[in-house]
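Visitor: Protein chains in written order, with the working numbering: chain A, 1 to 220; chain B, 1 to 220; chain C, 1 to 228; chain D, 1 to 228.
None of these hints come from the bench; they were simulated from the model. None of the hints are false.
The following residues of chain D were derived to be distant from chain B, with all beta-carbon distances above 12 Å: (1) Ala15; (2) Gln38; (3) Pro56; (4) Thr150; (5) Thr201.
For lysine-lysine, the following DSSO-like pairs were computed, each having C-alpha atoms within a straight-line distance of at most 27 Å: (6) D:Lys72 / B:Lys73; (7) A:Lys73 / C:Lys72; (8) C:Lys140 / B:Lys17; (9) A:Lys218 / C:Lys72; (10) B:Lys218 / D:Lys72; (11) B:Lys132 / A:Lys132; (12) D:Lys140 / A:Lys17; (13) C:Lys203 / C:Lys153.
Note that beta-carbon positions come from the ideal geometry of N, C-alpha and C, so glycine has one too.
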Amino acid sequence: MRNVVVENAREAVAGIKDGDTVMMGGFGGAGLPTGVIEAVLDTGVRELTIISNNAGASGPDLSLWFAAGIVRKIICSYPRNAEAFAQRYRAGEVELELVPQGTLVERIRAGGAGLGGFLSPVGVGTVFAEGKRAIDVDGRGYILELPLRADFSFVKGRQADALGNVTYNKTARNHCAVMATAATTVAVEVDEIVEVGTMDPEAIVTPCIFVDRVYMRKPQ
Amino acid sequence: MRNVVVENAREAVAGIKDGDTVMMGGFGGAGLPTGVIEAVLDTGVRELTIISNNAGASGPDLSLWFAAGIVRKIICSYPRNAEAFAQRYRAGEVELELVPQGTLVERIRAGGAGLGGFLSPVGVGTVFAEGKRAIDVDGRGYILELPLRADFSFVKGRQADALGNVTYNKTARNHCAVMATAATTVAVEVDEIVEVGTMDPEAIVTPCIFVDRVYMRKPQ
Amino acid sequence: MSSLSRDALARLVAAHLPQQGFVNLGIGAPSHVADHLQPDSGVILHSENGILNIGPRPPQGEEDWDLINASKIPITARPGCSYFDSSLSFAMMRGGHIDVAILGAFQVSQSGDLANWSTGERNGSVPGIGGAIDLAVGAKSIWVMMEHTTRDKAPRIVDRCTYPLTAAGVVSRIFTDLAIIDITPDGLVVDALLESASIETLKVVTAAPLIASGSMRTIGLDGTIGGI
Amino acid sequence: MSSLSRDALARLVAAHLPQQGFVNLGIGAPSHVADHLQPDSGVILHSENGILNIGPRPPQGEEDWDLINASKIPITARPGCSYFDSSLSFAMMRGGHIDVAILGAFQVSQSGDLANWSTGERNGSVPGIGGAIDLAVGAKSIWVMMEHTTRDKAPRIVDRCTYPLTAAGVVSRIFTDLAIIDITPDGLVVDALLESASIETLKVVTAAPLIASGSMRTIGLDGTIGGI
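Make a model of the complete structure from these sequences and hints.
Guide: Structure, rendered in structure tokens:
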């Protein structure tokens with residue numbers, strides 16, 4: 001039987017390489033798979049492109065990656081209150097692609113769903129339309145937004161089974177669910193791994209087809 | 001407190017008028033809100049445009065609407081094995097817009113999510129590309145597909161509460177979940193109406209913001 | 001000139017929310033409106049990070065950091081709450097399912113243009129857009145909640161925004177620490193005015209023409225109107 | 001010429017599914033492949049109407065009409081099953097998450113063009129496209145399962161499809177009641193042949209050039225290969 005459980009975060013990030021694009025789940029700390037923060041650092045990988053709603057704060061989060069200088073670019077909606085990022089950004093050492101949050105989520109969804117893009121009304125007439133194709137439909141203006149995919153998606157779930165079915169906890173679901181559809185390798189950090197067949201099939205949020213690796217969060 | 005429970009299917013369809021566009025949930029009989037079939041017929045409404053995966057079979061389904069001649073057009077992915085529809089179709093009395101199923105679902109989702117359309121790889125190089133805008137992205141061809149919305153969406157759920165939160169049953173979820181996001185008036189037929197606060201907030205599929213009316217399926 | 005405290009302004013906004021409406025409270029000051037909602041208002045609060053039917057703040061020590069609002073502040077869930085992912089959450093916002101969004105702003109123009117994400121200065125500060133722009137485009141009504149002027153006493157209600165826009169022509173109502181102003185086809189109509197203020201003093205701190213409503217109401221210093 | 005029964009063909013296809021792969025079985029004949037899956041294959045079956053991890057057919061009298069497959073036939077759910085809505089289901093299909101889709105076909109061309117939804121005749125018959133086209137475009141591998149010829153003995157494997165296309169250049173493998181044929185850059189390669197058939201007889205009923213694989217296998221009349 002399919003079994004995607006791996007021992008730890010180190011195994012969950014195996015294969016990551018210089019220049020990879022990495023999606024990190026979470027809205028603030030909720031939904032952030034903290035285990036991979038250290039595990040990715042330990043690989044010595046560099047020049048990452050990060051897709052994330054935020055850019056870290058001051059905990060065991062993306063701040064450590066910015067401090068270590070392993071990030072080349074971040075595609076992000078709200079990189080405020082992120083001191084380590086801000087320092088790199090001001091120094092011109094990290095590129096920022098600022099994306100409205102709903103557009104960020106939808107671009108990731110499009111990447112996972114095999115769409116070539118979508119027409120968004122968000123950003124029309126603002127700087128967020130710059131450099132993008134404008135497309136009119138029935139006289140209304142839209143921006144063509146393009147899909148996002150990644151080499152790795154790291155997200156945080158509540159429960160998983162060995163097949164890779166995943167649930168989330170409360171508002172920690174946030175961007176994790178779409179990110180889990182849009183990467184070549186999807187690794188999920190969970191609080192609990194349960195027997196196959198014990199999860200409510202009506203309440204599984206991320207079906208196992210999307211998930212490549214599952215590991216337990218280390219007790220903190 | 002918000003309370004969207006209505007007495008019966010008749011109240012659920014109240015306000016429907018000639019020429020309206022109506023989404024009908026269901027894949028075959030699973031997810032079809034059978035109560036509205038008769039209720040809509042009873043209103044005497046005509047010239048409806050139907051958005052539905054199928055075109056009825058031989059039960060208490062869309063067949064009765066086609067037999068009664070109240071449908072002007074159907075936007076549909078698989079109108080096979082639907083004799084009442086086929087008769088009207090052959091006679092040129094009903095217009096058919098045939099849409100690949102995934103495109104149908106995604107167009108409805110776009111309608112509910114406020115998108116102006118999306119780029120689909122499905123149908124490129126086939127008759128399903130005819131009459132649609134072709135858009136290339138990075139050298140790959142896509143079809144611009146436009147959103148669908150309706151005046152009414154009628155779908156079938158398993159449980160609802162008075163606020164309008166809804167769950168579905170097994171594969172009866174199908175198109176119901178997106179259709180419940182994309183109409184001016186969304187009415188849900190359910191097997192059971194439960195106390196507010198008893199549904200698992202992690203397992204609610206259609207949050208109450210999308211739902212305008214809920215009624216109990218009549219015992220059959 | 002005296003003005004409403006942040007608390008009183010939050011109370012004023014809360015009292016105007018539509019009964020049983022679906023309301024999104026933006027980050028910062030708008031999030032405090034939640035603390036002033038009457039239990040019988042039936043208002044259902046949405047947060048962009050994936051929750052509908054938010055309750056009051058948790059008691060200290062009972063915070064759950066997986067249950068937060070868009071400001072990343074711990075909240076509670078009310079009976080009938082639901083959790084969902086960001087794509088469905090933004091479908092609610094972009095798709096016109098939110099009745100009212102309360103947003104903060106740097107500037108609002110007389111035609112309802114909203115500037116609330118950047119002052120456009122290239123001072124090395126980090127920009128952030130978040131989900132405000134999705135709400136601004138997609139909610140049925142956009143109400144702005146802000147101080148009437150900047151710290152330097154410059155007007156925030158202006159003829160034309162000088163800061164980068166969030167969205168054009170979307171704001172329908174402005175709640176400030178001095179007044180409630182409706183943006184109408186005829187211009188900016190003062191619907192309610194702080195008891196200690198006058199239309200004349202209001203005009204001084206507003207960089208766009210104001211029209212006094214024929215039925216202008218008076219706002220008490222505690223943020224109540226006519227004893228509401 | 002003898003040929004595989006529908007049952008034997010389903011067994012043949014089932015034996016070739018990748019261990020632990022995610023597989024979608026199209027409506028009609030492909031859906032019968034489910035009945036021949038070995039329990040230890042680890043194959044996880046998907047159906048477009050919103051289920052992953054389909055089990056065998058239910059015993060008669062225990063059908064649940066809310067638990068059906070894309071052919072609208074009652075199924076069962078296996079442990080670890082999940083239900084989801086159509087938008088997520090088609091995201092799986094269009095987004096390249098399905099390893100193999102088994103589809104029926106009217107015609108397949110030597111370059112992998114697929115025609116499986118319409119004969120293009122204007123005879124008043126009602127067209128239907130369903131979800132086959134989404135799979136054809138989105139699944140990682142498209143395998144076709146069909147009779148080698150039409151009822152009138154016309155070849156279904158052709159130089160160029162004469163029926164309206166479902167998708168161009170997507171089919172990688174064809175299972176017929178006579179052979180397994182791979183579509184390769186070099187052309188159509190016969191990977192396996194029914195024991196009672198020969199390459200020469202196969203060529204007669206195939207309207208495109210065939211190449212015999214150097215390691216061509218033999219298919220038994222019961223749909224097994226080399227005792228598998």
